[in-house]
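Going line by line, the protein sequences match chains L and U.
The opening residue of the first sequence carries number 1 in the working numbering; numbering runs sequentially from there.
The opening residue of the second sequence carries number 665 in the working numbering; numbering runs sequentially from there.
Quick caveat, the hints were computed from the structure, so don't treat them as lab data.
Some clues are possibly wrong.
The calculated DSS-like cross-link candidates involving lysine-lysine, where the alpha carbons are at most 30 Å apart (straight line), are [to be verified]:
1. L:Lys292 to U:Lys730
2. L:Lys338 to L:Lys325
3. L:Lys139 to L:Lys223
4. U:Lys730 to L:Lys286
5. L:Lys331 to L:Lys465
6. L:Lys77 to L:Lys139
7. L:Lys324 to L:Lys338
8. L:Lys324 to U:Lys730
9. L:Lys77 to L:Lys292
10. L:Lys325 to L:Lys223
11. L:Lys223 to L:Lys331
12. L:Lys37 to L:Lys223
13. L:Lys538 to L:Lys37
14. U:Lys730 to L:Lys37
15. L:Lys223 to U:Lys730
Here are some, though not all, of the chain U residues that point toward chain L, as calculated from beta-carbon distances under 7 Å [what the hints assert, rightly or not]:
16. Thr673
17. Glu694
18. Ala720
19. Asn723
20. Ala743
Glycine is no exception: its CB is placed at the ideal position from the N, C-alpha and C atoms.
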Amino acid sequence: MTLFQISEPGESAAPHEARLAAGIDLGTTNSLVATVKSGMATVLNDEQGRPLLPSIVRYLPDGTAQVGYEAGDWQAKDPRNTIVSVKRFMGRGVRDIAYGEALHGEMLPYEFVDAPGMARLRTCAGVKSPVEISAEILKAARARAEAHLGGELAGVVITVPAYFDDAQRQATRDAARLAGLNVFRLLNEPTAAAIAYGLDNAAEGIYAVYDLGGGTFDISILKLSRGVFEVLATGGDSALGGDDFDQRIFCWVLEEARLPPLSSEDARLIMVRVREAKEFLSRHDKAPITVKLSSGLTVDLTLDARTFATITENLVARTLRAVKKALRDAKLLPEEVKGVVMVGGSTRMPQVQRAVAGAFGRQPLNNLDPDKVVALGAAIQANLLVGNRTGEDWLLLDVIPLSLGLETMGGLTEKIIPRNAAIPAARAQEFTTFRDGQAAMSIHVVQGEREMVADCRSLARFELKGIPPMVAGAARIRVTFQVDADGLLSVRAREETAGVEAEVTVKPSYGLSDDEIAAMLKDSAAHAREDAQRRALKEAQVEAQRLIEATEAALREDVRLLAAEEIARIETAIARLQTLILGDNRREITLAMDDLAYETQEFARRRMDQGIQRALAGKRVEELARGAASAPPMPAEPSGAFAPSGLPAPSASEASASRPEKTT
Amino acid sequence: MDLTCDFFTLFRLAPRFRLDVAALAARYLELQNSVHPDRFAQAGQAERRLSMQWAARVNEAYRTLKEPLARAQYLLRLAGRDPEAASGALAEDTDFLMQQMEWREEVRQARQERSMAALRELRQRLAREVQAQYEALAARFDDEHDLAAAVGQTRRLMFQEKLRAEIDDALAFLEDAEDAENAGA
Ligand SMILES: Nc1ncnc2c1ncn2[C@@H]1O[C@H](COP(=O)(O)OP(=O)(O)OP(=O)(O)O)[C@@H](O)[C@H]1O
Ligand SMILES: [Mg+2]
Chain L
1 MTLFQISEPG ESAAPHEARL AAGIDLGTTN SLVATVKSGM ATVLNDEQGR
51 PLLPSIVRYL PDGTAQVGYE AGDWQAKDPR NTIVSVKRFM GRGVRDIAYG
101 EALHGEMLPY EFVDAPGMAR LRTCAGVKSP VEISAEILKA ARARAEAHLG
151 GELAGVVITV PAYFDDAQRQ ATRDAARLAG LNVFRLLNEP TAAAIAYGLD
201 NAAEGIYAVY DLGGGTFDIS ILKLSRGVFE VLATGGDSAL GGDDFDQRIF
251 CWVLEEARLP PLSSEDARLI MVRVREAKEF LSRHDKAPIT VKLSSGLTVD
301 LTLDARTFAT ITENLVARTL RAVKKALRDA KLLPEEVKGV VMVGGSTRMP
351 QVQRAVAGAF GRQPLNNLDP DKVVALGAAI QANLLVGNRT GEDWLLLDVI
401 PLSLGLETMG GLTEKIIPRN AAIPAARAQE FTTFRDGQAA MSIHVVQGER
451 EMVADCRSLA RFELKGIPPM VAGAARIRVT FQVDADGLLS VRAREETAGV
501 EAEVTVKPSY GLSDDEIAAM LKDSAAHARE DAQRRALKEA QVEAQRLIEA
551 TEAALREDVR LLAAEEIARI ETAIARLQTL ILGDNRREIT LAMDDLAYET
601 QEFARRRMDQ GIQRALAGKR VEELARGAAS APPMPAEPSG AFAPSGLPAP
651 SASEASASRP EKTT
Chain U
665 MDLTCDFFTL FRLAPRFRLD VAALAARYLE LQNSVHPDRF AQAGQAERRL
715 SMQWAARVNE AYRTLKEPLA RAQYLLRLAG RDPEAASGAL AEDTDFLMQQ
765 MEWREEVRQA RQERSMAALR ELRQRLAREV QAQYEALAAR FDDEHDLAAA
815 VGQTRRLMFQ EKLRAEIDDA LAFLEDAEDA ENAGA
């Protein structure tokens with residue numbers, strides 16, 4: 001049982017009090033906020049009792065924004081300033097969007113502004129990036145949660161499609177930052193659903209989560225055992241969802257009614273009607289589509305379920321191909337899957353239900369609300385991460401959806417971390433120079449499965465400079481990829497020959513630089529500059545308080561790992577920080593936090609070590625020896641670890657010599 | 665225990681080729697349970713960073729020990745005999761290379777003829793052969809302690825696993841193409 005204590009604004013909660021946390025499902029069509037109340041995960045409704053927060057943002061000339069149903073009412077009247085399905089633009093450039101939605105230009109009434117990295121939209125309130133637009137939705141979600149809980153959120157878990165790449169994840173994190181949210185974790189949507197379903201049903205075995213929402217499709221294969229959710233493989237398409245089914249009907253309407261080119265208003269009006277018809281067809285054999293256009297024309301058609309299934313057949317087939325691929329990656333057969341959990345509003349379509357049943361040879365599980373299950377799972381995980389233990393603990397092991405690598409000579413991709421690798425992940429590979437005296441190496445980080453770099457997504461480019469003069473092939477440049485628990489990548493390169501080191505750390509952040517975000521933060525704090533400063537100070541204070549609490553908790557648990565002198569140093573650092581928090585010097589607070597972090601580094605190491613020793617101490621030695629001696633080797637499985645092709649494998653030195661670097 | 669200790673020590677397993685997969689998996693969960701970043705979400709920055717590094721290390725160790733080929737390569741590297749670096753070791757093994765070329769030719773043909781049946785048959789044959797190789801490799805490592813022989817064997821398996829992956833890719837490709845046709849796209 002969890003009890004929340006409400007703290008006055010500005011007053012920080014004492015460490016033993018339950019802290020406020022929420023889960024946010026930031027959907028293409030609908031967003032939801034949920035929290036754990038008295039041990040029960042609950043979706044939070046708006047004042048009118050509605051659980052959904054439509055992911056629609058309308059900008060007004062005065063610079064303010066409307067979000068949700070209120071904005072939705074303006075879809076057809078003010079399409080250019082009313083943005084729907086912004087999630088499909090996250091981390092995407094104008095060219096990606098043009099390509100993805102090429103057939104349906106009519107559907108996008110926006111004026112895109114090409115910007116390096118991510119596309120932006122021109123609205124009456126100025127040029128907006130998808131990150132800012134998403135931040136408006138998150139702010140609305142945050143306001144709803146804080147109104148319900150009566151206090152400030154300590155942090156949230158935000159869900160993202162499992163198939164989101166690094167750019168899209170980074171964009172989501174940036175949006176949260178703009179909305180002033182502390183993100184405990186980005187959680188994959190199907191994994192969130194699995195938590196909600198699994199904990200509720202005490203499920204054990206192999207499960208698949210099929211999540212077809214408004215704009216994205218995910219398939220995840222998980223192994224559920226007591227207290228563990230282990231993702232074995234994931235797949236999908238981050239630009240395939242209910243919107244595409246709408247577009248198919250839209251095209252059908254254009255053809256059947258032989259409509260002339262439409263205004264944005266009329267096009268959006270038809271889109272709205274078409275979606276209603278689609279949803280109607282989930283329960284009926286036929287749906288009327290009647291639209292009175294501004295041009296005076298009237299559309300009056302009837303769409304039957306058969307026709308609908310036919311015109312959307314290859315969309316459904318695309319999902320099934322991803323299902324097969326995920327099963328192959330997990331090295332499983334469909335019949336080994338014990339249950340298929342259906343998530344997302346689009347799984348209500350009968351043709352989807354039939355197709356999934358066919359692919360797995362069993363009826364999918366529909367006993368939970370496909371709209372809510374992701375948000376509920378996120379809330380449950382947020383509650384765990386904030387530290388409000390409910391007695392039950394579980395471990396969540398997730399994977400990255402797409403391989404990460406870098407460009408080598410000839411525009412080829414060299415994979416460093418393969419898709420479906422468990423996260424966090426870290427892997428390093430060595431490269432060398434291509435020319436005598438080469439002083440710099442350019443490193444191009446990409447994500448995707450294709451062999452040619454041009455067919456993968458470019459995440460970041462950076463240069464390692466200051467390589468000392470050497471003959472070609474003599475330098476040893478170690479490139480390290482690290483993926484954290486949010487699935488976010490950082491890359492480091494370092495020249496390692498005797499005595500020389502050069503190091504660069506890159507966080508690929510798509511389109512938005514830290515400076516830009518800072519500027520946006522300032523803008524959003526709007527008129528008063530002071531506001532932004534006060535907010536930054538507040539953030540530092542909260543962060544510092546958090547650090548103190550964490551350190552004190554660690555001391556309470558494990559003080560015996562420290563010598564008296566070490567304890568004294570840590571305590572001094574805490575005391576100093578504690579004093580500074582009361583003041584208003586942000587810089588000093590940050591520096592003191594750094595000091596405390598420094599003083600506790602060794603302590604952290606010892607605690608971690610102790611944890612590992614304890615984890616391993618559980619097993620008896622004889623037990624291990626017996627197991628090791630008697631078991632046969634595992635069935636051989638393909639390994640991507642090494643890839644000779646037809647010719648004898650190159651030696652390591654050959655490999656690095658031929659692997660190349662484009663100089664600058 | 666520190667971040668650089670070897671994977672067998674980390675998992676408290678004897679450095680052998682034959683290993684108990686169930687024990688490995690159980691150990692993996694125990695380790696992740698104590699180092700995973702979700703366990704440190706509210707900890708200080710230093711601990712959060714350490715936890716990420718450890719969790720990544722445990723994942724890497726698990727991946728390496730779980731796959732027999734990766735495990736063999738790792739065992740050899742621990743013994744200072746990197747199979748990838750032992751170039752030339754196979755060059756003399758002309759019989760093996762000839763055989764590999766025949767295999768490859770068969771795969772190419774089956775792919776060209778779009779014959780899933782032929783590919784499946786090849787896959788099965790290869791699986792049997794690979795299985796036998798792994799059993800032999802286990803004997804080299806654990807019974808005979810003949811590392812030189814293990815290097816050669818491992819290099820052969822590297823080829824065969826690569827071939828197996830190619831067959832799998834070809835099969836996947838044909839399956840997808842078939843599905844796309846059936847969907848009448
Ligand atoms: N009864 C229904 N029949 C068919 N489609 C439906 C039905 N109800 C909802 N949908 C569709 O489901 C989609 C919205 O689903 P959902 O709210 O799960 O998506 P989302 O979470 O916003 O998107 P995503 O997860 O892709 O980011 C819309 O395309 C909507 O038209
Ligand atoms: Mg969704």
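Problem - Satisfaction of hint between lysine 139 (chain L) and lysine 77 (chain L), Cα-Cα up to 30 Å - result: Measuring from Cα to Cα gives roughly 24 Å; hence the hint holds.
Problem - Interface hint for asparagine 723 (chain U), Cβ within 7 Å of any Cβ on chain L - result: Asparagine 723 (chain U) check passes; min Cβ-Cβ to chain L is 4 Å, inside 7 Å.
Problem - chain L contact restraint for alanine 720 (chain U) - C-beta distance below 7 Å - result: 4 Å, holds
Exercise for the section: Would you check the hint for lysine 292 (chain L) and lysine 730 (chain U), treating anything up to 30 Å between C-alpha atoms as holding? Expected result: Violated, at roughly 63 Å.
Handout entry: Closest C-beta approach of threonine 673 (chain U) to chain L relative to 7 Å, hint status
Key = 10 Å, violated
Handout entry: lysine 223 (chain L) paired with lysine 730 (chain U) [C-alpha distance capped at 30 Å]
Key = Distance of about 16 Å is within 30 Å: holds.
Problem - Distance restraint between lysine 324 (chain L) and lysine 338 (chain L), which requires alpha-carbon spacing of 30 Å or less - result: It holds: about 16 Å lies between the C-alpha atoms, which stays within 30 Å.
Exercise for the section: Closer than 7 Å between Cβ atoms is the bar; does glutamate 694 (chain U) clear it against chain L? Give me holds or violated. Expected result: Given a least distance of 4 Å, the restraint on glutamate 694 (chain U) holds.
Handout entry: 30 Å limit on alpha-carbon distance, applied to hinted pair lysine 730 (chain U) and lysine 37 (chain L)
Key = Outside the cut-off at roughly 41 Å; violated.
Handout entry: Agreement of lysine 331 (chain L) and lysine 465 (chain L) with the hint, judged by alpha carbon distance not exceeding 30 Å
Key = 43 Å, violated
Exercise for the section: Assess, step by step, whether the Cα of lysine 139 (chain L) is no farther than 30 Å from the Cα of lysine 223 (chain L), and give holds or violated. Expected result: Judged against 30 Å, a Cα distance of about 35 Å means the pair is violated.
Practice task
Mind checking the alpha carbons of lysine 730 (chain U) and lysine 286 (chain L) for me, to see if they're no more than 30 Å apart?
Solution key: 53 Å, violated
Violated hints, listed in ascending order, are 1, 3, 4, 5, 14, 16, 20; each of the other numbered hints is respected by the structure.
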